[in-house]
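Following the hints, complete the assembly by docking chain Y onto the known chain B.
So the sequence lines, in the order shown, correspond to chains B and Y.
Take the working numbering: the last position of the first sequence gets the number 304, and nothing is skipped along the way.
Take the working numbering: the last position of the second sequence gets the number 227, and nothing is skipped along the way.
No lab work stands behind these hints: they were computed from the structure.
Here the structure is a predicted model, which means the values were calculated and not measured.
There's no promise every hint is true.
Calculated pairs, DSSO-like style, for lysine-lysine (alpha carbon to alpha carbon, straight line, at most 27 angstroms) [claimed, not checked]:
| hint | chain 1 | residue 1 | chain 2 | residue 2 |
| --- | --- | --- | --- | --- |
| 1 | B | K193 | Y | K50 |
| 2 | B | K193 | B | K145 |
| 3 | Y | K137 | B | K193 |
| 4 | B | K131 | B | K221 |
| 5 | B | K193 | Y | K32 |
| 6 | B | K193 | Y | K224 |
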Amino acid sequence: MIERAFHISPEELPEKEVWFAMGYKDSVPEQRVRDMVRELIDQLVPKATLRYMYQIVDAEKLSPRQVRFSDKTFTPEGIICSYLKGMTHALLFIGSAGWEFDQAKEELKAGDDIVADFIADSIGTVLAEMTVSQIEKDYDGSGTLSMPYSPGYCDWDIREQRLLFSLFPEKPCGVILSESSLMTPEKSVSGFFALGETLQRQPYHCQICKNTRCYKRRNG
Amino acid sequence: MDKLYEAIFKGMAPLAKTAVQEALDNDKSPQTIIDESMIPAMEAIGQEFESGRVFVPNLLLSARAMKSALDILKPRMMAEQTTTLGTVVIGTVKGDLHDIGKNLVASMLEGRGFKVINLGTDVSKERFIEAAKENNADIICLSALLTTTMDYMKDIVDAVRAEGLDIKIMVGGAPLSQEFADGIGADGYSSNANEAVMVAKKLLS
Chain B
85 MIERAFHISP EELPEKEVWF AMGYKDSVPE QRVRDMVREL IDQLVPKATL RYMYQIVDAE
145 KLSPRQVRFS DKTFTPEGII CSYLKGMTHA LLFIGSAGWE FDQAKEELKA GDDIVADFIA
205 DSIGTVLAEM TVSQIEKDYD GSGTLSMPYS PGYCDWDIRE QRLLFSLFPE KPCGVILSES
265 SLMTPEKSVS GFFALGETLQ RQPYHCQICK NTRCYKRRNG
Chain Y
23 MDKLYEAIFK GMAPLAKTAV QEALDNDKSP QTIIDESMIP AMEAIGQEFE SGRVFVPNLL
83 LSARAMKSAL DILKPRMMAE QTTTLGTVVI GTVKGDLHDI GKNLVASMLE GRGFKVINLG
143 TDVSKERFIE AAKENNADII CLSALLTTTM DYMKDIVDAV RAEGLDIKIM VGGAPLSQEF
203 ADGIGADGYS SNANEAVMVA KKLLS
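In isolation and in its complexed conformation, chain B is listed as follows:
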C-alpha cells in the first residue's frame, strides 16, 4: 500500500481544465471569468494538501460484466469490462483534494457568492483528478496501464465503492464514505487502473461509448 501527500503551486493547476469543469468545453471564458478563476486558484490551491493511496492486486476478468480484484468480485458492467482484455493486475486507488481544500471551500461559501462557489467546486474537481494523474506518473512497473475507471461511471454501480473501500485501511487518505456512497471530503475519487502485459490502453471511454444519455458524458 502506497500513500502520499503533495502540494502543487497555483501555476501547476491547468486553468483550461477548470474551464472545462465549468462547462466551457472547448470555448474560452470571457476575461472577467478568467480573472475570477485565476484569483480563486491563487487563493485556494496553496491551502490544499492533495493525498492519494494505492495498491496493486491480482485481478482477472471473470465475465463480460464481472472482475476479481484480490479476493473480491466486482461488477463494473459491460462498458468497462470490454476494455479489460489482458488484465492480470489492478491498481486500486483513492485520491482526494483533501480536508484542507474542503474547509477553504466552505469558508468561501460563507461569502454567499454563487459564482465563486461554482468556480471553487470546479477547481476541486480538477485537484481530485490531479491525484489520479499523479498515481499514473508514479507507476513505474511493467505492463500497460488502462484508463482509470470509477464506481458511478459507465454503468458501474456507485454502491460498489463500499467494496472497493473494504480493500483499503479505514478512512484512506482521510476519506469517509457515507451510507449513500458519498465521499467526504467531497472532492475525492476512487477507482482502478487495469494492468497487464498484453492489455491495450483504449481512448477515453466517452469517445468510444455509445451511451449518449450518460450524465457523465464528456463529449458529443
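Structure of chain Y alone, referenced to chain B:
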C-alpha cells in the same frame, strides 16, 4: 435597454446596485422595477443559455447581480405589497450534500419572480413537508446528484401526497431523467436551471 436590465443581463453586480438605487430615487416602485427590468433581464440571459450562446457562469453572474439588486429592494418590498409567481421550497435530499446545481436553480427561480425557501442539503422528507406547510408553498423542488440518494425522492413524493398537500413537486439532478420523474410521481422534471423556471411557471399556470 435600461441600465438595470443591462447590469443584470451582463451580470454586473455593482452596477445593478447603483441602477436599482437610481430607479428607487426616481420613485419607481419595487414591483415595477422587478417586473420591467429585473425579470426581463433574467429571462433574456436564460434564453441565451438555452440557445447555447452563454454558459453556466453567465447565469450565475446574472443571478448574483439580481440578488444584489433584490437585497436593496427587500426592505421596501416588505413595506409595500409585492406579488410573486409563487413560493418554492427547495433542497438537496437526505444523504446528499451536493448543492451547486440546486443553488443555481434557487437563484434562477428567485430571479424570475418566485419566493424561494432554500433548505440546503441533506434534507429529510419531514423537513420538506414542515417547510412547505410553514411557508404555504406552491412547489417543492428536490435535487440529488447520486444514484443512491435519488430514490429517496419517491419517499418524499409519497409523504407529501399522504399529507394531502396540494403542492407540485419538481425534481432535478444529473442522474435523473423524465422517465424517473414520471416513475416516482413527480409533477415536473428539468435538466437545467433555466428549464426549471419554465417548468415551475407551467406547473402554476
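Quick rundown of the hints versus the structure:
1. B:K193 x Y:K50: violated, 33 angstroms
2. B:K193 x B:K145: violated, 44 angstroms
3. Y:K137 x B:K193: The given pair, whose Cα atoms are some 22 angstroms apart, holds under the 27 angstroms limit.
4. B:K131 x B:K221: This hinted pair holds, its Cα atoms lying about 23 angstroms apart.
5. B:K193 x Y:K32: Cα-Cα ~23 angstroms, so holds.
6. B:K193 x Y:K224: violated, 32 angstroms
Violated hints for the displayed structure, listed by number in ascending order: 1, 2, 6.
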